[in-house]
Amino acid sequence: MQKLGMGQAINQALREEMRRDPNVFIAGEGVGVSIHLNPMFPTHGLLEEFGPKRVKDTPVSEAAIAGLAVGAAEAGLRPVVEIMFNPFFTLASDMIVNHAAKLRYLSGGKSTFPLVVRMKSGAGIGAGCQHSHNLEAWVAHCPGLKVVMPATAADAKGLLKSAIRDDNPVIFIEHMGLYFAPMPVPEGEYLTPIGKAEVKRPGTDVTVVTWSGMLGVAMAAAEKLAQEGVEVEIVDLRTLVPLDKEAILASVAKTGRLVVLHEATRTGGFGGEVAAVVMEEGFNLLKAPLRRVTGPDIPVPASPPLERFYIPGDDQLIAAIKEIL
Amino acid sequence: MNIPEEKQKEMLWTMLLSRRFEDELAELCKIEGKIPGMTILSTGQEAVGSGACAALAPEDVIISNHRSHNHLLAKGADPNALMAEIYCKRTGCNKGKSGTLHLAVPEVNAPCTSTVVGAGPPIAVGQAFAQQYKGEQRVTVCFFGDGAAAEGSVHEAMNLAALWRLPVIFICENNVYAGAQRYEEHAPNPSMADRATAYAMPGEAVDGNDALAVYQAVRDARERALAGEGPSLIECKTYRCRGHGEADPQHYQPKEEICAWQEKCPIPRLRDDLLSQGLITPEEVRDMEARAEAVVKEAVRFAEDSPFPNPEEALEDVLVA
Chain A
1 MQKLGMGQAI
11 NQALREEMRR
21 DPNVFIAGEG
31 VGVSIHLNPM
41 FPTHGLLEEF
51 GPKRVKDTPV
61 SEAAIAGLAV
71 GAAEAGLRPV
81 VEIMFNPFFT
91 LASDMIVNHA
101 AKLRYLSGGK
111 STFPLVVRMK
121 SGAGIGAGCQ
131 HSHNLEAWVA
141 HCPGLKVVMP
151 ATAADAKGLL
161 KSAIRDDNPV
171 IFIEHMGLYF
181 APMPVPEGEY
191 LTPIGKAEVK
201 RPGTDVTVVT
211 WSGMLGVAMA
221 AAEKLAQEGV
231 EVEIVDLRTL
241 VPLDKEAILA
251 SVAKTGRLVV
261 LHEATRTGGF
271 GGEVAAVVME
281 EGFNLLKAPL
291 RRVTGPDIPV
301 PASPPLERFY
311 IPGDDQLIAA
321 IKEIL
Chain B
1 MNIPEEKQKE
11 MLWTMLLSRR
21 FEDELAELCK
31 IEGKIPGMTI
41 LSTGQEAVGS
51 GACAALAPED
61 VIISNHRSHN
71 HLLAKGADPN
81 ALMAEIYCKR
91 TGCNKGKSGT
101 LHLAVPEVNA
111 PCTSTVVGAG
121 PPIAVGQAFA
131 QQYKGEQRVT
141 VCFFGDGAAA
151 EGSVHEAMNL
161 AALWRLPVIF
171 ICENNVYAGA
181 QRYEEHAPNP
191 SMADRATAYA
201 MPGEAVDGND
211 ALAVYQAVRD
221 ARERALAGEG
231 PSLIECKTYR
241 CRGHGEADPQ
251 HYQPKEEICA
261 WQEKCPIPRL
271 RDDLLSQGLI
281 TPEEVRDMEA
291 RAEAVVKEAV
301 RFAEDSPFPN
311 PEEALEDVLV
321 A
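These protein sequence lines map, in sequence, to chains A and B.
Okay, so the first sequence: first residue is 1 according to this note's numbering, each after it adds one.
Okay, so the second sequence: first residue is 1 according to this note's numbering, each after it adds one.
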């Protein structure tokens, strides 16, 4: 099987969908001519194949980029627009929160908005808090949006292809730290359903629910704990909205213990939602109190030792698991 | 001015209809519990929507704002479905989900009324982009107020539309007031149309109480857009005769100012113009007025007789299944 970084997998998904459907176009800052001449980046080479009609470099105008998607989607196109970094979502948020998410409802179901907003996210690049801020909980809180956060290159390909074909607005958040490490990716047509979690490692002793860049941390912790005889089951949500409650509850039913792991800050983070689902619908399954392992409630700092302190590590996850075993 | 006779009559008709429709709403909203939420009327500004929409083809798109009733009626929206939606009934054009403020009538290519001030222009840009992308002979008109022009999103939209030469017509309905603030309290340049220069697009200010002038400006802008020449900005200078909404006592609007503008009402202006040219007879005018009365009466009856949605219908239409 081909091995691709997540950026390349996204590129392949975009390329295949643009070849398949002439109504798909991409737009954003530098999606055509980029300051990064790097084949590991998601939109590399698409301008050359599809031309400037379908690969639209825009001014630095996040509200207009998102509005372009909303208007064009209602008119029958399938826009895939890019907000360069997750924190810049704030500049596009009216179009996403008040329009992409609500206009179908406000039309009484007459209009559809088949659009995808791609955003790069995640700490670890030393860029500081205005480029590295995981805001998935903000969009997950808005009814009318689907929220997808792949952790592997294969899932990124399969989920983006599904997102482009979905008739609803999909917020697709990519962790930059995953762009560069090659991972196996199926060639050709490969669709991953939105709304389905996946058990990335089976286990019997404790469930770790995670997503996006934290899957690697969970896998590393599970390897170490396996050497101590502790079998960790890792559930990769892949999609936050709609949330695959069944997969979470099925795993907790098996292990009786839960740790939720995410990179985003703790207060109001999506981990609280996962915890609440298990408390409400699976309380009797729990043999011990659940735990959350998250970024601390601080902006992501730039200095490498401070940034490393921010990002949850496998040592923290292992400690949390041992607390409840 | 070379405006077809039937277009002139159409403008008079849609102005009469919206005025009658909104006069009725002004009374209905005084009855406790009759009209949920806010009531925001365009009384005195009808020449803008009626003049602009008369210059459009049915396939052209309009994007509206919180002061939308005239725009939508002029675009051909069904008064019954509109009134029922304003009543928040199930038979409303949006099944009671939008109410008076967010009316969406995609069947007449009026897919979005946004009450977020300044949100319309970026969406209009998206619609116009789709029209250009598909090579269609259609344009998008975006109505927004002088208050909205202070939003950053309006700048972003105009810049992008001009850059990509999109077939969009920005219509700034300058009604002198943004909330309680007069124009000169929120805009340093007395001409909103001047802003077009910054985007290298044509900008024109017209008498917004003259439906024929609005028609002419929009028709010209539409022809430019269809010829691939890109967007235009038209500032329609008019006046908000009523409050921001019906709950607004207008204590900050001088009475003499309101009276002076009521004298400039766009409806008798066009009516008398047509009568003096012999394009319409007094009898035809009386017929039109009677028809507007009947249409609105029927819309109110339809809305009154319609059921409210069942509470659990609130859960429908969030996502495509």
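Since the hints were derived computationally from the structure, they do not count as laboratory data.
Hints are supplied without guarantee of correctness; some may be wrong.
[To be verified] Taking lysine to any residue pairs in the SDA-like style, the calculated list, with each CA pair at most 20 Å apart, reads:
(1) A/Lys-53 - B/Pro-282
(2) B/Lys-255 - B/His-244
(3) A/Lys-53 - B/His-244
(4) A/Lys-53 - B/Lys-89
(5) A/Lys-53 - B/Gly-135
(6) A/Lys-110 - B/Lys-297
(7) B/Lys-89 - B/Phe-302
(8) B/Lys-297 - B/Arg-286
(9) B/Lys-89 - A/Gly-109
[Stated by the list, open to error] Only part of the chain B face toward chain A is listed, based on derived beta-carbon distances under 7 Å:
(10) Asn-2
(11) Pro-106
(12) Val-125
(13) Ser-153
(14) Ala-157
(15) Arg-165
The beta carbon of each residue, even a glycine, is placed where N, CA and C say it ideally should be.
Inset, instruction - Would you check whether B/Ala-157 satisfies its interface hint, that is, whether its CB is within less than 7 Å of any CB in chain A? - result: 5 Å, holds
Inset, instruction - Classify the hint on B/Asn-2 as holds or violated, based on whether any CB of chain A lies nearer than 7 Å to its CB. - result: 32 Å, violated
Legend entry - Restraint check, 7 Å cut-off on beta carbons, for B/Pro-106 near chain A: 5 Å, holds
Inset, instruction - Would you check the hint for B/Lys-89 and A/Gly-109, treating anything up to 20 Å between C-alpha atoms as holding? - result: 15 Å, holds
Legend entry - 20 Å limit on alpha-carbon distance, applied to hinted pair A/Lys-53 and B/Gly-135: 11 Å, holds
Inset, instruction - Take a quick look at whether B/Lys-255 and B/His-244 sit within 20 Å of each other, Cα to Cα. - result: 15 Å, holds
Legend entry - Holds or violated: B/Lys-89 to B/Phe-302, with C-alpha atoms at most 20 Å apart: Holds, at about 10 Å.
Inset, instruction - With a cut-off of 7 Å on the beta carbons, see whether B/Val-125 makes it to chain A. - result: Holds, about 6 Å.
Inset, instruction - Would you check the hint for A/Lys-53 and B/His-244, treating anything up to 20 Å between C-alpha atoms as holding? - result: 42 Å, violated
Legend entry - Residue hint B/Ser-153, partner chain A, criterion CB-CB below 7 Å: This interface hint holds because 4 Å falls under the 7 Å limit.
Inset, instruction - Assess, step by step, whether the Cα of B/Lys-297 is no farther than 20 Å from the Cα of B/Arg-286, and give holds or violated. - result: Answer holds: B/Lys-297 to B/Arg-286 is near 16 Å, not above 20 Å.
Inset, instruction - Mind checking the alpha carbons of A/Lys-53 and B/Lys-89 for me, to see if they're no more than 20 Å apart? - result: Between A/Lys-53 and B/Lys-89 the Cα gap is close to 43 Å, so the pair fails against 20 Å, i.e. violated.
Hint compliance for this structure: hints 1, 3, 4, 6, 10 and 15 are not met, and every other hint is.
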